[in-house]
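Engineer: Since the structure of chain C is already known, use the hints to place chain U on it.
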Amino acid sequence: MKSIVLASAVAALLVLSGCGDKDPQVDANDGAVAEQAAPVKSAPSVKAPVASNSETAAEYMARIEKELKTIYFDFDKFSIKADMQANLSADASIANSKASKFLVKLEGNCDEWGSDEYNFALGLKRAETVKKALVAEGVDANRVSMVSFGESSPACTDKTKECWAQNRRVDFKLLP
Amino acid sequence: MKIIISILLIMISIFANDATIDVIKKADTLPSIALEDASVSYDSTFKVKFFKSLVADLNVLSIFNVDRVQRNVNFDASSVLVENKDMNYVLRYKLSQDDSNSLSLEMKLISKDNVVFNKNYKVNSSDIYMFVSHTIAYDINNFMGESPVEWIKRKVIFSRMISPQRSELVVTDYTLTYQHVVVKGGFNLFPKWSNKEQSAFYYTSLNETKPTLKHIDLKTGKSKVIKSSDGMMICSDVNEDGSKLLFTMAPNGQPDVFIYDVKTQNTKKLTNYGGIDVSGQFMGSDSIIFVSDRLGYPNIFSLNINSGSVAQMVYYGKSNSACSVHGKYVVYKARESSDSFSNNTFNLHLVSMESDFIRRLTAVGVNEFPKFSIDGDAIIFVKNYQSQSSVGIIRLNHNKNYLFPLQFGKIQSIDW
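If you're matching them up, the sequences are chains C and U in order.
Residue 152 in the working numbering sits at position 152 of the first sequence; the count goes up by one each step and never skips.
Numbers given in the working numbering equal positions in the second sequence, counted from 1, plus 1000.
What the hints contain is simulated information worked out from the structure, not anything from laboratory work.
Keep in mind that the hints are not guaranteed to be accurate.
Unchecked claim - Going by beta-carbon spacing under 8 angstroms, a handful of chain U positions derived as facing chain C:
1) S1167
2) L1189
3) L1206
4) P1211
5) T1248
6) A1250
7) P1255
8) V1278
9) V1291
10) S1321
11) V1366
12) S1413
To be verified - Using C-beta positions, here's what the derived DEER-type ranges look like:
13) F1408(U) x F75(C): 35 to 43 angstroms
14) K173(C) x F1357(U): 46 to 54 angstroms
15) D1127(U) x A141(C): 48 to 56 angstroms
16) A86(C) x S1355(U): 36 to 44 angstroms
17) K161(C) x N1266(U): 26 to 34 angstroms
18) D1127(U) x K66(C): 19 to 27 angstroms
19) K81(C) x S1355(U): 42 to 50 angstroms
20) K66(C) x V1225(U): 31 to 39 angstroms
21) K81(C) x N1142(U): 55 to 63 angstroms
22) G138(C) x Y1297(U): 29 to 37 angstroms
23) V1181(U) x K66(C): 28 to 36 angstroms
24) N1399(U) x L175(C): 33 to 41 angstroms
What the hints assert, rightly or not - Output of the computed footprint for chain U on chain C, the stretches with three or more beta carbons under 8 angstroms from beta carbons of chain U:
25) 112 to 118
26) 140 to 149
Remember, it's a predicted structure, so these values are computed and weren't measured experimentally.
No residue lacks a Cβ here, since even glycine has one placed at the ideal position from N, Cα and C.
Excised from the complex, chain C in its bound form (with noise of 0.2 angstroms):
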């Protein structure tokens, strides 16, 4: 009876032993660029109150952040629909005002059927549309980057029509 030695899992215990070590490097690396990254949250309801000139600059661009207006969409469409027009005007005129030294991050969001390529797109389509909007009404493009989260980043997670809504959506972020 001949003796193999099992190469493949062998090598699968090499290769993962090995990269159990490394793992805390990966970890941390990327763990500690996402809590850089993470928008400063303050309690703007105390905040607020306060005069401007005592707020520091990321407790101002937290408050401005809060007072731009999500934009909604319909089940796999991505043109703005009427009743949202209000809310891009709105917002192009906090853009181009209070927030005109910030830059502007739009999250193209998804609602949860399909987490593949086409619904990161998807959500991709949605914030192009809204910095197309934003531009037409002066923004300077420069100023607006976007991102797609596809279906990764619910506002609402129940199975009901009116959370699924909600998470057909671009958010606005502020950057420094």
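Structural biologist: Leaving out everything else, chain U in the frame of chain C:
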């Protein structure tokens, strides 16, 4: 009479190898197999775990009726247990543990009281027992003269959503029994093996200002940035030798398919349509298939890289947003309802480029991320149904589907 028989023979020869045709095999025509456990080490919990793993692997082979009763025996007993006398095959195995915690296994396949096949296995740790089980199934499949099932031994990598904008990348076996988190923390998506050996992988990191494609070598643990792009930056496919990649990038908010040369680091744009072009997959060396909404809804198209000519590949389905290709076959995801107010169903379908047949491969739930195995023998996919994420395996030529549920979280994407 001769003419009828001739026609029948021709029909059989035409359809015998067409995977789009359903093959209904009666279970009672399959040979029976029972397992006899002769292990001398390990506690009963581990022995049961190993037994169940082996039973599951033999079932997935789809060539046996597998007896599910665990019986103990002496490895050197001259005949099979009396309860197994009527079995076509008896698989007797002995697990043993040595001083260094490695796991050894002796196995023999007995038919009619004769040992017809035997082999020994050894791994450095009992933690990866499932790879031994998968390899035994692989070897028995080969011994039985079936087409090879290389995929059964391969590793799977997937992205698991933990919470909004939080995910981790996990290396596992095809049954999700072994799980090792390789990238933890942050928002990391679309992992893709970068070589046949599965020693490194690409993935999309959304932790930077722009979506960034990274490469991690599992042997060294080294991470490096490949490229970043505004909007989207995804590695959709890796060619056979790992030298060329297909990207989905959106430098100006416009998602398109690009080809990337790993050696020269040159990127070339392949699609130019103003809507959505994503999910490029290599089809031979000169062509790709991809998902585009150029007809007003997502569908599957092919593109000749040299000539730039585009052709529609799929004519069934309202919304076909993911695909995989192997030889003449394309498997794709199709939405079977178009409703924003109720549950939607997405099923996988198989089409052949040489015929008009369409075979539906799944029935309920959201079935996505279909991916052919390297040998085309099986398709792996993700099923999300009633808040449960599972990995599915479809054995095309055996007309069988197997599901392996994920304990927690939701699978965002998968590769094997």
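Engineer: Indicate, hint by hint, whether the structure satisfies it.
Structural biologist: For each hint, the structure was consulted:
1. S1167: For S1167(U), the interface hint holds, since the closest Cβ of chain C sits about 7 angstroms away, which is under 8 angstroms.
2. L1189: holds (7 angstroms)
3. L1206: Nearest chain C Cβ about 7 angstroms off; hint holds.
4. P1211: holds (6 angstroms)
5. T1248: holds (5 angstroms)
6. A1250: Holds - the Cβ of A1250(U) comes within 8 angstroms of chain C, reaching about 6 angstroms at its closest.
7. P1255: holds (4 angstroms)
8. V1278: holds (4 angstroms)
9. V1291: Holds: closest Cβ of chain C sits about 5 angstroms from V1291(U), inside 8 angstroms.
10. S1321: holds (4 angstroms)
11. V1366: holds (7 angstroms)
12. S1413: Holds. Min distance 6 angstroms.
13. F1408(U) x F75(C): 35 to 43 angstroms: violated (29 angstroms)
14. K173(C) x F1357(U): 46 to 54 angstroms: Taking Cβ atoms as reference, K173(C) and F1357(U) lie about 49 angstroms apart, which means the hint holds.
15. D1127(U) x A141(C): 48 to 56 angstroms: 53 angstroms Cβ-Cβ, so the 48 to 56 angstroms window holds.
16. A86(C) x S1355(U): 36 to 44 angstroms: violated (54 angstroms)
17. K161(C) x N1266(U): 26 to 34 angstroms: violated (47 angstroms)
18. D1127(U) x K66(C): 19 to 27 angstroms: Hint violated: Cβ distance 48 angstroms, outside 19 to 27 angstroms.
19. K81(C) x S1355(U): 42 to 50 angstroms: holds (43 angstroms)
20. K66(C) x V1225(U): 31 to 39 angstroms: holds (33 angstroms)
21. K81(C) x N1142(U): 55 to 63 angstroms: This hint holds: roughly 59 angstroms between Cβ atoms.
22. G138(C) x Y1297(U): 29 to 37 angstroms: This hint holds: roughly 34 angstroms between Cβ atoms.
23. V1181(U) x K66(C): 28 to 36 angstroms: Given a distance of about 35 angstroms, which is inside 28 to 36 angstroms, the answer is holds.
24. N1399(U) x L175(C): 33 to 41 angstroms: Violated - the Cβ-Cβ distance for N1399(U) and L175(C), about 53 angstroms, lies outside 33 to 41 angstroms.
25. 112 to 118: holds (count 6)
26. 140 to 149: holds (count 5)
The structure is inconsistent with the numbered hints 13, 16, 17, 18 and 24, although it conforms to all the rest.
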